[in-house]
Amino acid sequence: MKNTIILGLLVVLQVLGYIALSHGLHQIDAGNLVNPLDMFAFGVQVFASPWVLLGVLSLIVSLLLYLVAISRLDLSYVLPIVASNYVLTTLVGWLVLDERVSPTRWVGTLLVTAGVLMVGFSNSAKNPPRSPRPSGSSARHKGMGS
Amino acid sequence: MIHTWLLLLVLVLADCAGTLLFTRGMKQVGEVSTLRPQALLKLASRAVANSSLRLGVFCMTIMFFLFITLLSSADVSFVVPATALTEPVNMLGTRYILQEHVPAVRWLSSVLICIGIYLISLNGV
Numbered sequence: 001m002k003n004t005i006i007l008g009l010l011v012v013l014q015v016l017g018y019i020a021l022s023h024g025l026h027q028i029d030a031g032n033l034v035n036p037l038d039m040f041a042f043g044v045q046v047f048a049s050p051w052v053l054l055g056v057l058s059l060i061v062s063l064l065l066y067l068v069a070i071s072r073l074d075l076s077y078v079l080p081i082v083a084s085n086y087v088l089t090t091l092v093g094w095l096v097l098d099e100r101v102s103p104t105r106w107v108g109t110l111l112v113t114a115g116v117l118m119v120g121f122s123n124s125a126k127n128p129p130r131s132p133r134p135s136g137s138s139a140r141h142k143g144m145g146s
Numbered sequence: 001m002i003h004t005w006l007l008l009l010v011l012v013l014a015d016c017a018g019t020l021l022f023t024r025g026m027k028q029v030g031e032v033s034t035l036r037p038q039a040l041l042k043l044a045s046r047a048v049a050n051s052s053l054r055l056g057v058f059c060m061t062i063m064f065f066l067f068i069t070l071l072s073s074a075d076v077s078f079v080v081p082a083t084a085l086t087e088p089v090n091m092l093g094t095r096y097i098l099q100e101h102v103p104a105v106r107w108l109s110s111v112l113i114c115i116g117i118y119l120i121s122l123n124g125v
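Chains as they are written, first to last, in my numbering: chain A, 1 to 146; chain B, 1 to 125.
Calculated directly from the structure, the hints in this document are not laboratory data. Note that the coordinates shown come from a computational prediction; the quantities given were computed from them, not determined experimentally. Note that CB positions come from ideal geometry on N, CA and C, so glycine has one too. Careful, some of the hints might be misleading.
To give a feel for the contact side, a few chain B residues facing chain A, derived at Cβ under 7 Å [said to hold, decoys possible]:
id : residue
1  : P103
2  : V105
3  : L112
4  : I115
Computed from the model, here is a short list of chain A residues facing chain B with C-beta under 10 Å [unchecked claim]:
id : residue
5  : G24
6  : S76
7  : Y77
8  : L91
9  : E99
10 : V112
11 : G120
Given these sequences and hints, build the entire structure.
Okay, here's the thing in structure tokens:
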């Protein structure tokens, strides 16, 4: 039960983090980011935005939950749930942020998810759990850009 | 469009370099085997002094700011799946820079990810 809550929270916070960041950043005028003054103004606005702060906080907590999850559970169990964030972020972006998502983009998102799952399972097979108790092995947190 | 792809490429390279430098740095610093405050403090001071870790933090910072810049101009439904491009780049680095054997399943997964990202970009970013 505890593990289910951890995994559920992990996915929800990760998706919330991306959506909040995207929503907050789209409200900010990026201007001409080649100009250093515009870049500075953009940076100040970014870190003053409550949406951006909420997004960053959510992603940090989700990273910590990921570390807890892989220390308690087998990676092959955690990975499909974490990899679902590509599909879920696209779904929430479409529903909440009103993003236009074509069928081609849906297929692409599913292919990316399948590819990431394959990488994870091949790493998991190479580094099997070290103890009889389900334990984690190393993997990248599919968080920010990763 | 070219601007977005360029940002994505630099983000992916910074992410891969950051991961590589972190891995090398943590191997040099040593394993976290105890939670005693004194030992952790020693480990932290070794980590701060390690040039690979410092460079790794620099790369990750660049990656984070590029991610923010990308999200400010492109759809989240493009940016988040597109960052999976780090997997094929990591795979190429493993094969051609580290000269390690890469199993067929990783080649296949990299091809799937690349096709997926191409399809995602067809929607317009």
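Each hint tested on the structure:
| no. | hint | result |
| --- | --- | --- |
| 1 | P103 | holds (6 Å) |
| 2 | V105 | holds (5 Å) |
| 3 | L112 | holds (4 Å) |
| 4 | I115 | holds (6 Å) |
| 5 | G24 | holds (9 Å) |
| 6 | S76 | violated (14 Å) |
| 7 | Y77 | violated (19 Å) |
| 8 | L91 | holds (9 Å) |
| 9 | E99 | holds (5 Å) |
| 10 | V112 | holds (4 Å) |
| 11 | G120 | holds (9 Å) |
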